[in-house]
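*Asks:* Those protein sequences? They're chains W and F, same order as listed. Following this note's numbering from start to finish, the first sequence increments by one per residue and tops out at 515. Following this note's numbering from start to finish, the second sequence increments by one per residue and tops out at 302.
A hint or two may mislead.
[As the list claims (entries may be wrong)] Stretch by stretch, here's where chain W covers chain F in the computed footprint (C-beta under 8 angstroms, at least three residues):
(1) 18-25
(2) 119-129
(3) 170-179
(4) 188-195
(5) 247-258
Just so you know, these hints were derived from the structure itself, not from any lab. The beta-carbon is built from N, C-alpha and C at its ideal position, and this holds for glycine as well.
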Amino acid sequence: MLHFSKLKIFSIIFVVILGILFFLPNLFTSNLSFLPKKKIVLGLDLQGGSYLLLEVNSKPLFKDKLEAKSFELKKKLRMERISYESFETTESIISFRLNLDNKENILKLLNENNLNESIDETNKELDYQILNDKIIINLSEAYKKRIKKNAMEQSLEIIRSRIDELGTREPTIIAQGEQRILIELPGIKNPKRIKEIIGTTAKLTFRFIADNNAKKTSYEKLQTKNELETYNVQKKLVLSGEHLTDAQPGFDNLNNSSVVNFKLDSFGAKKFAYATKNNIGKRLAIIIDNKVVSAPVVRDAITTGNGQISGSFSVEEANNLAIVLRSGALPAPMSIIEERTVGPDLGQESIDKGIVSLVIGFILVILYIFYNYRIFGLFANISLFINLILLISILTIIEATLTLPGIAGIILTVGMAVDANVLIYERIKEEMAMESNILIAFDNGYKKVLTTLLDANITTLIAAFVLYFIGSGPIKGFAVTLATGIITSLFTTFVLGRMFVSFYIKSKKGQELKI
Amino acid sequence: MINIYKTNIPFIKQYKKFYCLSLILILVSIFSLFSKGLNLGIDFKGGTIIEMQFNESLTSDKIRSSLLKQNLGDIKVKEFGNNKTYLAILEKKSGKSNFISNIKTSLEKDLNESINFRRVEMVGPKISKELTEAGIYAVCIALILMLFYIWLRFEWQFSLGAIVALLHDVILTLGTFSIIGFEFNLSIIAAVLTIVGYSMNDTVVIYDRIRENLKKDDTINLTDLINLSVNETLPRTLKTSITTLLALTAIYFFGGEILRGFSFALIWGVIVGTYSSIFIASPLILIFNVKRNWDEVVDNSP
Numbered sequence: 001m002l003h004f005s006k007l008k009i010f011s012i013i014f015v016v017i018l019g020i021l022f023f024l025p026n027l028f029t030s031n032l033s034f035l036p037k038k039k040i041v042l043g044l045d046l047q048g049g050s051y052l053l054l055e056v057n058s059k060p061l062f063k064d065k066l067e068a069k070s071f072e073l074k075k076k077l078r079m080e081r082i083s084y085e086s087f088e089t090t091e092s093i094i095s096f097r098l099n100l101d102n103k104e105n106i107l108k109l110l111n112e113n114n115l116n117e118s119i120d121e122t123n124k125e126l127d128y129q130i131l132n133d134k135i136i137i138n139l140s141e142a143y144k145k146r147i148k149k150n151a152m153e154q155s156l157e158i159i160r161s162r163i164d165e166l167g168t169r170e171p172t173i174i175a176q177g178e179q180r181i182l183i184e185l186p187g188i189k190n191p192k193r194i195k196e197i198i199g200t201t202a203k204l205t206f207r208f209i210a211d212n213n214a215k216k217t218s219y220e221k222l223q224t225k226n227e228l229e230t231y232n233v234q235k236k237l238v239l240s241g242e243h244l245t246d247a248q249p250g251f252d253n254l255n256n257s258s259v260v261n262f263k264l265d266s267f268g269a270k271k272f273a274y275a276t277k278n279n280i281g282k283r284l285a286i287i288i289d290n291k292v293v294s295a296p297v298v299r300d301a302i303t304t305g306n307g308q309i310s311g312s313f314s315v316e317e318a319n320n321l322a323i324v325l326r327s328g329a330l331p332a333p334m335s336i337i338e339e340r341t342v343g344p345d346l347g348q349e350s351i352d353k354g355i356v357s358l359v360i361g362f363i364l365v366i367l368y369i370f371y372n373y374r375i376f377g378l379f380a381n382i383s384l385f386i387n388l389i390l391l392i393s394i395l396t397i398i399e400a401t402l403t404l405p406g407i408a409g410i411i412l413t414v415g416m417a418v419d420a421n422v423l424i425y426e427r428i429k430e431e432m433a434m435e436s437n438i439l440i441a442f443d444n445g446y447k448k449v450l451t452t453l454l455d456a457n458i459t460t461l462i463a464a465f466v467l468y469f470i471g472s473g474p475i476k477g478f479a480v481t482l483a484t485g486i487i488t489s490l491f492t493t494f495v496l497g498r499m500f501v502s503f504y505i506k507s508k509k510g511q512e513l514k515i
Numbered sequence: 001m002i003n004i005y006k007t008n009i010p011f012i013k014q015y016k017k018f019y020c021l022s023l024i025l026i027l028v029s030i031f032s033l034f035s036k037g038l039n040l041g042i043d044f045k046g047g048t049i050i051e052m053q054f055n056e057s058l059t060s061d062k063i064r065s066s067l068l069k070q071n072l073g074d075i076k077v078k079e080f081g082n083n084k085t086y087l088a089i090l091e092k093k094s095g096k097s098n099f100i101s102n103i104k105t106s107l108e109k110d111l112n113e114s115i116n117f118r119r120v121e122m123v124g125p126k127i128s129k130e131l132t133e134a135g136i137y138a139v140c141i142a143l144i145l146m147l148f149y150i151w152l153r154f155e156w157q158f159s160l161g162a163i164v165a166l167l168h169d170v171i172l173t174l175g176t177f178s179i180i181g182f183e184f185n186l187s188i189i190a191a192v193l194t195i196v197g198y199s200m201n202d203t204v205v206i207y208d209r210i211r212e213n214l215k216k217d218d219t220i221n222l223t224d225l226i227n228l229s230v231n232e233t234l235p236r237t238l239k240t241s242i243t244t245l246l247a248l249t250a251i252y253f254f255g256g257e258i259l260r261g262f263s264f265a266l267i268w269g270v271i272v273g274t275y276s277s278i279f280i281a282s283p284l285i286l287i288f289n290v291k292r293n294w295d296e297v298v299d300n301s302p
């Protein structure tokens, strides 16, 4: 255990030097080309920033799809001259009573025509159930899954493009599970604007305000943005936001307010021209997410395909609206289900406090070890110091994120790394009491302690692994530092420390030694 | 066998006293956990935490009464670190994008001061449920894996002894959090798992020595053998605990407000873990009556 071949010594020194090289960029930025440049990645809790978890709410989508199906179904039933009674569409089911003689025809309709895009059993869009003379139809699970998946993919793309437009520094935007999107925005001070932009569905429609004598079922009551006014807005759309090709914030000098100018594609422009030409004098409501933004009177036919949305916006509101309109509407509304934001000043404070407690903890430990083991304590302390450097350099190399609990993990590792030294030295003390040959006593000590050392550290490693796989965010950071720390401390105490000790006792051959 | 240390403390002979003590502590902990429960943080209960910094000193009551006007459910406000920083814990959570900014605007208007929201954490009900489940899973899985490892490496008596000691530590830690009323959040789960690892580590070192001594000598009576093993490893046990505690105390005092609960849990855990390795885990080997005829050939030659 005390013999080190030249190759071994060389490898150990090589590892330590490599560790120091990768550690250095964390202290200062250098221009030397042979030095690595990578610095340790700080978690959002240390560098400040925002963590947002969004959930796509697919329920309204299911409702929309079911409504569309119900509309189609009614049309088909009428076309096929099949009679039905008490036809009803709720949020999740379509139901009606049928004449049992027609059962075959209806089933044929449900199974074969284009109500289902595919008649393959596993890909069916509708499920139905017949109870006596009542048929109950709902969206199939497979179809719902498909809807969810599409909504998720679209949402992810739209959210990405919206956040890109804001020019945020290195955002992370990834899907998590079936209907969640995780967003990490490092360095952002106030996520208010981002939250507004991703929280807006931006479903834009143009609809005329209903006449006073319009049929009750043909319009709905919608409020304005400030919820002060209510308009009767036709259910029939003139145009929806899909036909927008561009939207830019602008300024209306006439009214001294910010506006959003938009351009329509050729289909949209034609439709818009037609609708405005035939409805001069009427009020056209511009509706975003079921709120009337403005309802200007149509004075002329608009044939250019260019338009303007004014609604007493602030400059920022106009900017935001332009961004969300350009990116297109989210397929379904999203809600924030988890948010963790740390301001940059708090982050810096946490780093400072973390470093102060690390230094103090380290000094206390070093003094205590030195007091207990003197010269051997010094060896332990040197390996402890190198352990710290190796730990940080490995964290830098594997691009682990250093979080506040992670710093605590490092300090804890400092405390626990000592354990290996203590185990070894205490064991050697015991061996020395039984064995007069110091070399043999040391050798035995190292040999006998190895199993204990492994058993003890593997149990802690297990805890760290479980934390890593089950924990989230900061906890993961803690687990990574703890696990890495255990491995580096085994190396520094059992290999590096042993090398120091072996050099020392060989140089003192024959002399009295005391631990 | 010779004991090179002066210590020959009869830990094992006294074990019934310590079992009584532990039993009382466990009962008190369980009673508190059931009657008072844990002071669950927003990670497990859902809600919103805002750390706010003011330009001038205010009282927590003033901030609280201002927040109460906003209809945010149950509200707690406490000083956090220096006297211009406060932590508001709100029962309400919301998926709306302007939830936080509305609170800020209303509060600034009402108190007529500009406020720096240094930290905001909002956890919705779904997430808190998931985090709770994940936390429970984490502790259980870690326990099972460690026990499996001990069972592979040692006899079943050791494995059982280790689990009893670990449960002892976990219950006492949870009980302490319940009695003191410290907030129990995600990082405390991490702390509990670390304690589990640490206490296991401690127990393994003593068990290793017991096993080694069992192989060396099968004539000495089991009580003395275990007692000898505990005494032999005692210097290591104490020194390691002291160094770990030194490092942890540094975090507790200098690591800032956010790490205080976390480091407290670890400090308490190290103390309890050390105690349980000596007074709970070791006597259990005696109680479970581990086998004596170890057939392995032991090489005693230098």
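*Asks:* A separate judgement is required for each hint: does it hold in the structure or not?
*Replies:* Hint by hint, here is what the structure shows:
no.	hint	result
1	18-25	violated (count 0)
2	119-129	holds (count 8)
3	170-179	violated (count 0)
4	188-195	holds (count 4)
5	247-258	holds (count 10)
Hint violations for this structure: numbers 1 and 3, all remaining hints satisfied.
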